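Undergrad: With chain A fixed as given, assemble chain B onto it according to the hints.
From first to last, the protein sequence lines stand for chains A and B.
For the first sequence, the numbering used here assigns the number 1 to the initial residue and increments by one for each residue that follows.
For the second sequence, the numbering used here assigns the number 1001 to the initial residue and increments by one for each residue that follows.
These aren't lab readings, by the way, just hints derived from the structure by calculation.
A quick note: this is a predicted structure, and the numbers were derived from the prediction, not measured.
Heads up, the beta-carbon is just placed ideally off N, CA and C, and yes, glycines get one too.
Each hint should be verified, as a subset may be incorrect.
Only pairs whose alpha carbons sit at most 25 Å apart, straight line, appear in this in silico BS3-like list of lysine-lysine [stated by the list, open to error]:
| # | chain 1 | residue 1 | chain 2 | residue 2 |
| --- | --- | --- | --- | --- |
| 1 | A | K91 | A | K7 |
| 2 | A | K6 | A | K208 |
| 3 | A | K16 | A | K322 |
| 4 | A | K68 | B | K1220 |
| 5 | A | K7 | A | K208 |
| 6 | A | K322 | A | K300 |
| 7 | B | K1220 | A | K65 |
| 8 | A | K91 | B | K1181 |
| 9 | A | K130 | A | K154 |
Computed far set for chain B versus chain A, every beta-carbon distance over 12 Å [claimed, not checked]:
| # | residue |
| --- | --- |
| 10 | V1041 |
| 11 | L1045 |
| 12 | I1064 |
| 13 | G1087 |
| 14 | P1153 |
| 15 | G1202 |
| 16 | E1226 |
Facing chain A, from chain B, some residues (calculated, C-beta under 8 Å) [unchecked claim]:
| # | residue |
| --- | --- |
| 17 | P1022 |
| 18 | Q1222 |
| 19 | F1224 |
| 20 | R1229 |
| 21 | S1230 |
| 22 | K1241 |
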Amino acid sequence: MADNNKKPLLEIRNLKTYFYTEDGVVKAVDGVDLEVYPGEVLGLVGESGCGKSVTSLAIMRLISKPGKIVDGEIIFDGRDLVKLGEPELMKIRGNRISMIFQQPQSALNPVFRVADQIGEVLEVHQSLGKRAGDARAIELLKLVGMPDAESRAKSFPHELSGGQAQRVMIAMGLACVPDMLIADEPTTALDVTIQAQILNLIRDMREKFGSSVILITHDLGVIAEMAERVAVMYAGEIVEQADVIPLFQKPIHPYTKGLIGSIPVLGRVRDQLDVIPGSVPNLVNLPPGCRFAPRCQARKEYNLSICTEKRPALHDFEPGHKVRCWLYQDDEQHVAPLKAKKTAKEKK
Amino acid sequence: MSANMKVAELTGEEITIQERTPFQIVMMRFRKHRLAMAALVVITLIFMLTLFAPYLANFEVTEISVGDYFLPFGAVDEDTGRVHYLGTDNIGRDYFSRLIFAGRVSLTVALISVLISETTGVIIGAISGYYGGALDNVLMRFVEFMLTIPSLPLLLIISSMLLANEDLIPIPAIVLNTFGKIMLLNPRDTRSAVLIIMVLAGFGWLGSAQLMRGMVLQIKQQTFVEAARSLGASNTWIIFKHMIPNAMAPIIVSASLGLAGYVVAEAALAFLGFGIQDPVPTWGNMLSATQTFMMDKPWLPLVPGLPIFICSLSFNYIGDGLRDALDPRLKM
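Bound conformation, chain A alone:
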């Protein structure tokens, strides 16, 4: 559980990343606020296309044309990454913040041996020579639990299985002992059994190196298992943010409720899983009010008109539990419990 008195390692303030396409401006990330504390695992959940990956790429400052960070601050260890130049960023990438990708097989360069690729990171950041790099690479491979590390170090990426390739990626990510590891759907492309191994490995490595982890996934099961704090993203904004247990036990945003309701539970047979009707809004033409309003059942139930008119703000529902929803907030953006609204509605 996050200690809120601690100073955050990474602080994202009002981050806006837009993509200027021919069809219009795609607001992939539109006003995200997020903190990551040293040593914690923050889960970032959401459907495909909600802006999770773009957020992570923005942290790495790897947004390329036609995308652009339009507004906001990404303060990492006292420095605003948005304002840093390329040479400084290169010193941070892979050294202080590193990233693990979804498709481990294609994230490795097919023409180089595993040891060379791990050595590359060390060569870039620590000017380590070939021989020292190879030795360290084997050490790292052993650390990430690669079976038969010495001979695997000499393998080419196509000779590795998905799980092994992901271990190599993790070894590369951890080569310089970064302060933060961004894992962008690290297990999506892997078998379920391998998934568990990789998640365990990430957890072990976090304990060993003390790095913070931002775990990006659409899999709530992974979040429940790994994360200490969770941020739920929807259409480019964070709709709910809380510690993992309160979030799963008592989700308050209708979208989070829908997400949790749509997980199949082992041993509980239902005719139909709960689904959230509709689909993610077009990020070019966003609804003027709450972005979830067109799909929101609760809105219809309580017959709230403000939802389609005004965008709600992210506010504290309870200490450490933030939500972006009109159901828990009145027009002046004060906390207004659901019960009050319900009684008001009944009086009418």
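TA: Frame of chain A; chain B shown alone:
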């Protein structure tokens, strides 16, 4: 029960299958291509002949046997007892000796031209494709503009201009010395050979630049490039460590096909009288020298013509073989 135990006791090492490196796989596939293997043998033979030319040739390149004009194959020099394996030419020079020394010049010109043009093409193509935008536009429009110009007339004009004015382009002495040693020429003749290389390579890089740019545009989209950036690699690092090695397969193929082109191009220039001049022998100017008596003595043009033909054919077959061997879609 004991049989089961044995399976369980197998160590990882015993059941590991011997894995081949990509190089071994390519070599294995290349060996299956019979024509390419035959071509490789032929080319190796020709290379050996030219490499050991100083030991194999029994006459000096410029040695004239007065009176012994147009001697037939295998004629014996009366004074010294040396054999003219391939006879003599119109002024009594030994044809075989000239042929192998000519090969040395012709092949060196072709090899160095390929080396320079492919390197230039690869670097310019990679930069153009990687950075894109305005730079890409300028570079590629320039390449396309150059490609629209018919190259042979331009080559002729430029080479005649360069060869006529010795001081137009100064070439450092170290370059002249090195190339002079390779081709066994004096500095003055080396200079014209180096100029021919520059002219050939100057037009030769255009195609490989386009090829490389196309490859880079493809590779740029791949995750490992983004992964490399996320690990702190700079643009230069990515171009040299990730783009170029991944684009090597088609570049190697185009280089081997390019070799054939340069052997022919050098011969064409020489044949038209704008290449390296007599008395330095090249296959092209030996061919050119036989123009006036081609009809009476048809073997004279055939002797230098055949190696040009064989070399260009062999380089093409090797290129084909390499293309098949390096193409990952043809998994064997």
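Undergrad: Which hints from the list above does the structure break, by number from lowest to highest?
TA: Numbers 8 and 16 - these are the hints that the structure violates, sorted from lowest upward.
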